[in-house]
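Taken in order, these protein sequences are the chains called A and B.
Each residue of the first sequence is one higher than the last, beginning at 177 in our numbering.
Each residue of the second sequence is one higher than the last, beginning at 177 in our numbering.
Quick caveat, the hints were computed from the structure, so don't treat them as lab data.
Treat identical chains as interchangeable: a pair holds within one or across any two.
In the DSSO-like style, the derived pairs of lysine-lysine whose C-alpha atoms are separated by at most 27 Å in a straight line are:
(1) K254 - K208
(2) K254 - K320
(3) K367 - K325
(4) K254 - K325
(5) K367 - K320
(6) K252 - K208
(7) K208 - K244
(8) K325 - K208
(9) K320 - K208
(10) K325 - K252
(11) K367 - K254
(12) K320 - K252
Everything numeric in this text was worked out from a predicted model, so none of it was measured.
2 protein chains.
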Amino acid sequence: MARNPASSARIKSSPAARKKKVVRWNGAPGLKGQRQEAILRSVGSVLRNSRLSSLTIQDIASELGMTKGNLYYYFKDKQDILYQCHMRCMELSLRALQEAMANGGLPSEKLRILLIGHIHGILDDGFGSILQTDLESFWPDQRKRYIRKRDDLERGVRSLIEAGVLLGEFECDNVKLAGFSILGAINWIPKWYHPNGPFSSDQIAEEMTDYFLRGLQRRDGVARKAPRERSSSKNGTDNYHRMLAT
Amino acid sequence: MARNPASSARIKSSPAARKKKVVRWNGAPGLKGQRQEAILRSVGSVLRNSRLSSLTIQDIASELGMTKGNLYYYFKDKQDILYQCHMRCMELSLRALQEAMANGGLPSEKLRILLIGHIHGILDDGFGSILQTDLESFWPDQRKRYIRKRDDLERGVRSLIEAGVLLGEFECDNVKLAGFSILGAINWIPKWYHPNGPFSSDQIAEEMTDYFLRGLQRRDGVARKAPRERSSSKNGTDNYHRMLAT
DNA sequence: AAAGTTTTTTAATCTCTGTTCAAATTGAAA
DNA sequence: TTTCAATTTGAACAGAGATTAAAAAACTTT
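Take these sequences, add in the hints, and give me the full structure.
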């Protein structure tokens, strides 16, 4: 069950004999971990074209020129593969969060960095569409691990919004719902995005982020409508301090 | 293939003998259409709790206390059921669009009505989570029919944004991406929404819509950043006139 | 080259679910 | 009560796709 890949650490020049787009595996032994990476990357490629619901073990194997049985030498089962992809994707986003926090600018700047990085993380490696899977299909501890990371990201977003509010840069009635809005909109992108479509991932990242930030920016003077009960500071303040400490 | 339910129009008081939550079908003949409706509604109930990917014909049947075989008396196949749910859901949203257009207010008001109605349409009947299915699984003409409606909705949103821009009420760099953002955020709601959760569908509808509109509202005076190339009028103007004529 | 380990293949199996169908049941009409 | 159509059942069928396992092949080491 809990099986660590125990990567045999040794590097050898691999000829990697290619024919067409088929990678020949026979020639390069060792380095199980690298192959796992390659397999995961390949899943991203497949997902860029086909649809998640129709993604089959056979598809993945074909893409790599290996047999489906062979995949089970590298992964426990299909769920495991999908789970790893999920994690890869999330880790990219968390890296964007770290990058954002490391940058010393205003909350709006940090948030911009985070969101742009997040969008790129989702679109550029093809893993984005995997977000559509429901977490129910994961093993409990996989789910737990993933949710922990996902929550880190969500809290990161909320903290930044909250920070902006406290600094008077932002104005937001409900931080949690604003966060959900932003992240939901981003998670949905893979549903309509196509690499060869009219929008580059760069353009999407920039312009959608612009829009998200506009909705937070404080308008000096006029309050557009009577402010509702302030439910904002209930779910963000503690995390705000936590995140700023990172 | 193209089979019209040919509803035998006759109404009779149906005892509808209920036991626990099991609806007894035997006692109420006729009105095939009504039962189809009931089945679809039941799918919504199931989806409120279980997950779409694990939704099985058996689940639907169980919920209604009928056998799975019996479902095939009312629907061609599973895809057909799912398709009908899709349509139901979309029709609710399109009704919101009509309602919005009928209301004679400013674009921002219309958009508010539309979005609030759209969110309610998605959340209140439990069909929302069905949006996660990919359209590939539909039969071509089903897909075509659905996409036509979906596009109507998308164009409706864009037209309203565009209208607001033209009237000086809104300010938007890229109408299409703003529309995608809004609709994506809404489509994603079923992923985290739970009827017994902390947010009512009312609250979600109101506050998320607030946020979406904030991001469009024009700020008098300062341009926050140098405006990019205006790609807005490419995808909205014609539809704008079309929609306003409705 | 022989032995041992890692990787790959091949084919069979297993399971889950959608689907079909003939028979049974029900309700309405005659 | 008989007849007929509408509805329901229950069991069998079918197909797809994940998973397994034993044998084969490839590669490393000695």
